[in-house]
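Visitor: Let's have the full structure, built from the sequences with the hints guiding it.
Residue numbers (my numbering), protein chains in the order written: chain A, 255 to 449; chain B, 138 to 290.
Since the hints were derived computationally from the structure, they do not count as laboratory data.
Counterexamples of contact, computed for chain B against chain A with all Cβ distances above 12 Å: (1) 167; (2) 168; (3) 208; (4) 215; (5) 218; (6) 219; (7) 222; (8) 224; (9) 270; (10) 272; (11) 283.
What follows is a list of derived Cβ distance ranges for each label pair: (12) B:219 / A:422: 23 to 33 Å; (13) B:216 / A:437: 27 to 37 Å; (14) B:285 / A:435: 48 to 58 Å; (15) A:295 / B:221: 16 to 26 Å.
Simulated coverage check for chain A against chain B, where a stretch passes if three residues somewhere in it have a Cβ under 8 Å from a Cβ of chain B: (16) 302–310; (17) 433–445.
Source: prediction; values computed, not measured. C-beta: ideal position from N, C-alpha, C; glycine also.
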Amino acid sequence: MNWIRKSVPAIAILALLVFAMPAHGQTYSNTSQVTVTLPISESLTVSATPANVTLANYSYANGTASASSVISVSTTGNLAPGHNWVFTAAWFSSVGAALSGPSNVPSSDLFAAIDGGPATACSAPTDGNVIPGEVSGAICAATTGYNPNLGSISFQQNPAGPYSVNDTIQLTLAGAPGLAAGSYVGTLNIAAGAF
Amino acid sequence: MKHSFAILMLILCASGCRAQTVSPIVAEFGKKANGAFQITNNTVQPMVVSLESYSFSLDSKGQHFRKLDATTHVTLSESSARLSPREVHEFNYRITCDVLPCYTTILSGMIVGKTQDGIQVRLILPHSVYTCQKKASKCREQALKEAGLLAKK
Numbered sequence: 255m256n257w258i259r260k261s262v263p264a265i266a267i268l269a270l271l272v273f274a275m276p277a278h279g280q281t282y283s284n285t286s287q288v289t290v291t292l293p294i295s296e297s298l299t300v301s302a303t304p305a306n307v308t309l310a311n312y313s314y315a316n317g318t319a320s321a322s323s324v325i326s327v328s329t330t331g332n333l334a335p336g337h338n339w340v341f342t343a344a345w346f347s348s349v350g351a352a353l354s355g356p357s358n359v360p361s362s363d364l365f366a367a368i369d370g371g372p373a374t375a376c377s378a379p380t381d382g383n384v385i386p387g388e389v390s391g392a393i394c395a396a397t398t399g400y401n402p403n404l405g406s407i408s409f410q411q412n413p414a415g416p417y418s419v420n421d422t423i424q425l426t427l428a429g430a431p432g433l434a435a436g437s438y439v440g441t442l443n444i445a446a447g448a449f
Numbered sequence: 138m139k140h141s142f143a144i145l146m147l148i149l150c151a152s153g154c155r156a157q158t159v160s161p162i163v164a165e166f167g168k169k170a171n172g173a174f175q176i177t178n179n180t181v182q183p184m185v186v187s188l189e190s191y192s193f194s195l196d197s198k199g200q201h202f203r204k205l206d207a208t209t210h211v212t213l214s215e216s217s218a219r220l221s222p223r224e225v226h227e228f229n230y231r232i233t234c235d236v237l238p239c240y241t242t243i244l245s246g247m248i249v250g251k252t253q254d255g256i257q258v259r260l261i262l263p264h265s266v267y268t269c270q271k272k273a274s275k276c277r278e279q280a281l282k283e284a285g286l287l288a289k290k
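Guide: This is the structure:
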């Protein structure tokens, strides 16, 4: 009986080894697949600095004022292929009253130097109606670059992928003598669009 | 030169740059357009955004905008909103057209500078919606094709 008692641990170890032997027929499940998508929407950003400018040192006799500080305009975007063009445009809200105060100052008396170019009157017409609300005859357009007649300050055909353009606008006043003292306020609209 | 301009913009933007982003730029639908677009206030100051809707047509010269057609019905979730600093705000819209196809642009405008004496800047970004009789996915492509404006991909 003593030998049986002594052999119990050995039998237990043997049993463990037998049952721990690897299975002969392993099975695998079906492979499940998870589809991963990354939708990245197109985007377009426009920024302008500073947000307002002042035309100082008005000359009553000459109808001129000092040039404003330079407005830096940045247009950036992430565009999918298939766009015909992307552009940035600037215009005043009214032809006859670009600045309003004691009297009205027409947009033709306000001049814009785009990207350091010559200052030209903000009186360009719209050709292609590139942006809704654009006021024909009150547009500050670049005099150089692609199709300046389109009334934009920057323009690129067939854009795709990352897009980044920097422009500058500097405004001056000319040909507006005899304005009464007071505050004159106007709005310069800056729009970016991709079509 | 480009790097120095970017650095200058960064410095200026930290103090008072005004920027807004629209996404997506274009949307296509079948008969009914139930969609949304996002406007991002990239600044550290609150901004008010106001929306306007326009109809447009296409020809070989491009888009031609006009006041919203009487046959186009646009319902916006909000016609204006005040965006907190860095907020991404979603505007929802429903457009139904009595006549198809119809093309609509929703313009988001933002006055970014207040001035007592001088010129303030208003930023504008459009979101264009193409609504067609049949397939939504080919709506814009078909419109551009008919206008002779299909861009190279």
